[in-house]
Amino acid sequence: MIASNTPAVAETRHQVNVGRISSRIVLYAVILGGAVLFSVPFIWMLSTSVKPGYEVFKVPPVWIPSKFEWDNYWVPWSNLPFLTFYKNTAIMTFVDIFATIFSSSIVAFAFARMRFRGRDILFVLVLSTMMLPMQVTLIPLYVLWSKLHLVNTLWPLMIPAFFGSPFNIFLLRQFMMTIPLAMDDAARIDGANWVQIYSRILLPLSAPALGVVAIYEFTFRWNDFLGPLIYLNDPQNFTVTLGLQLLNSQYVTQTQQIMAQTIISIVPVLIVFFAAQRYFIQGLVITGVKG
Amino acid sequence: MAQGVQISPKSIPTSRPRSRLSQARIEELTAYLFIAPWFIGFLVFTAGAMLFSLGLSTFDTDLLSTSTFVGIKNYVDLANDPLFTKALAVTLYYTVLVVPFGTVTALLIALLLNQKIAALGFWRTVYYLPAVVTGVAVAILWGWVLNPDAGLFNQGLALVGIHGPRWFGSETWAVPGLVLISIWGTGTNMLLYLAGLQSIPTEVQEAAKIDGANSFQLFTSVTLPLLTPTVFFNVVINIIGSFQVFTNAYVLTQGGPNNATLTMVLYIYQSGFRLFHFGFASALAWILFALILMFTLVIVRSSNVWVYYEGGLR
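So the protein sequences, as listed, match chains A and B.
Numbering (our numbering) for the first sequence: 219 to 509.
Numbering (our numbering) for the second sequence: 875 to 1188.
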């Protein structure tokens, strides 16, 4: 019985192995195929950006241009004030990041650590405004900023950041809840007041979550389009996204130049992403899975 | 630490009467001070703005020369406006396509990457990268990829003998084109599913395998039910997001051809900031808000039928 069974068992095991190896090959082939589909638009953009004009619309496509046309990258800078676009975007983005980190973290601290009447109701209010579509307040805020004569400046895109953002408050509060209370208690016994507990204990310990907020704020502001579109009219005040759209609509036929500028515009975002990939994923886990 | 041990619990209350305000009162006042930035922002930028918007929606105003109270006229006009009906249909059509296709794509990629594979970090980055790049850059890139004649997509289709559609030049294919862009950027959903999959305890899956479940049964009876909370979260966020689609439609088509991509937000933008019908645009914004709220509530209500919470709370 046992002897007669052994070859059969060995054979099934062999088949299982073959099956496993071939299913592994299929798995990797599918993953690779999908990865090619997802990344090929980037490669296509890169290839187009260095093509001479006459090779852009060739069918079938030329992947490696016969001549590398690096001019595509800088010619638009002499037609449109791209340097100003980048300067404006940088100012707006950095002010927003620091403003939202400061304002959101202090609000989050109060919700995470302090006892006060109405706390739970107010926190529910924070959560519910998180879901509010910004289009509802788009027009009234436009009216507000135009009454204050701040339309066509960067201020309407920066001032609100000083009042905290519900999403950032929520994210930071969730993170602060995971920091042991013993940390604050020890500080309190040493005579620390609330401002000190916030600035010396909770803020430094929340560094990973602050990093997440900074990165999200950066990508959001850098890519924002609707806000700048509504508030900025004069190209001298444009952000990069508006500048790109301007180039895209004025130089329709210069596809290679448009692609080159699009690449330049996403480079800062890519640098931040690769430098802080861990934080991107961490942020998703804090807000998504646990929330 | 040594100090902390020396202080007896009794010594804390005795120190209290010295200050006029109790510790609890100080804590409360400080907390109000700390949340003040958000609260002021809420009053002005959210609550105040919403009330103002509601008021504005009962006026016929360009905010400069004319301003007439018209009551519910804007809402009546809207109900009889073929462009509103069109915008509503376009937005719903887009949502109906994006949410299921986006969910399935993200879930499939997450399942693929959840296998024991080499270089997971690399693959995850490749699939996630499109989600990092958003806005105008993506719209411009895809305008070129979906160029009917020289675009990459149609040239790829031509390789397998398919004559590609005219995408943003075609009333039929413009919305599917927008959907394609959105699916390409599904990386965030994919990461959330991946995190969800990785948090499923392996014991549960092992137990099912021992009981003789095949991989399909394992997925439908064990993995998927345990993943429903993540699916639920993503679906809600995606519905809210797809109702607000704007940038791609603005950059690629300006709502055309023949209003085939006139989304709700694009219509709000055009009514308000192009035609200066701010009252009408405010009414549109409120309808959009009501729609988002309604759809979210329906999904939330339906969740106790299809979302499984391991804690037992159903």
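Hints were generated in silico from the structure; no laboratory data involved.
Computed from a prediction, not measured in an experiment: that's the story for all the values here.
Here a beta-carbon is modelled for each residue, glycine too, at the ideal position from N, C-alpha and C.
One or more hints might be untrue.
Unchecked claim - One side only, chain B facing chain A, incomplete, derived with CB under 8 Å: (1) 924; (2) 988; (3) 1004; (4) 1006; (5) 1029; (6) 1082; (7) 1086; (8) 1087; (9) 1170; (10) 1172.
Going down the list of hints, with the structure as the test:
Checking residue 924 of chain B against chain A by beta carbon gives a least distance of about 6 Å; that is within 8 Å, so the hint holds. Taking 8 Å as the C-beta contact cut-off toward chain A, the hint placing residue 988 of chain B at the interface is violated, the least distance being around 11 Å. Contact between residue 1004 of chain B and chain A, as hinted, is supported at the beta carbon level, the nearest pair being about 6 Å apart and thus within 8 Å. About 5 Å separates the beta-carbon of residue 1006 of chain B from the nearest beta-carbon of chain A, less than 8 Å, and the hint is met.
A cut of 8 Å between beta carbons decides the hint on residue 1029 of chain B: the least distance to chain A is about 6 Å, and the hint holds. Interface hint at residue 1082 of chain B: violated, since its Cβ lies 19 Å from the closest Cβ of chain A, which is beyond the 8 Å cut-off. Taking 8 Å as the C-beta contact cut-off toward chain A, the hint placing residue 1086 of chain B at the interface is violated, the least distance being around 16 Å. Using the Cβ-Cβ criterion of 8 Å, the hint placing residue 1087 of chain B at the interface with chain A is not satisfied: the shortest such distance is roughly 17 Å.
Look at residue 1170 of chain B: its Cβ gets to within about 7 Å of chain A, closer than 8 Å, so that hint holds up. Annotation: residue 1172 of chain B was flagged as interfacial toward chain A, and the flag is violated, the nearest CB pair being 14 Å apart, outside 8 Å.
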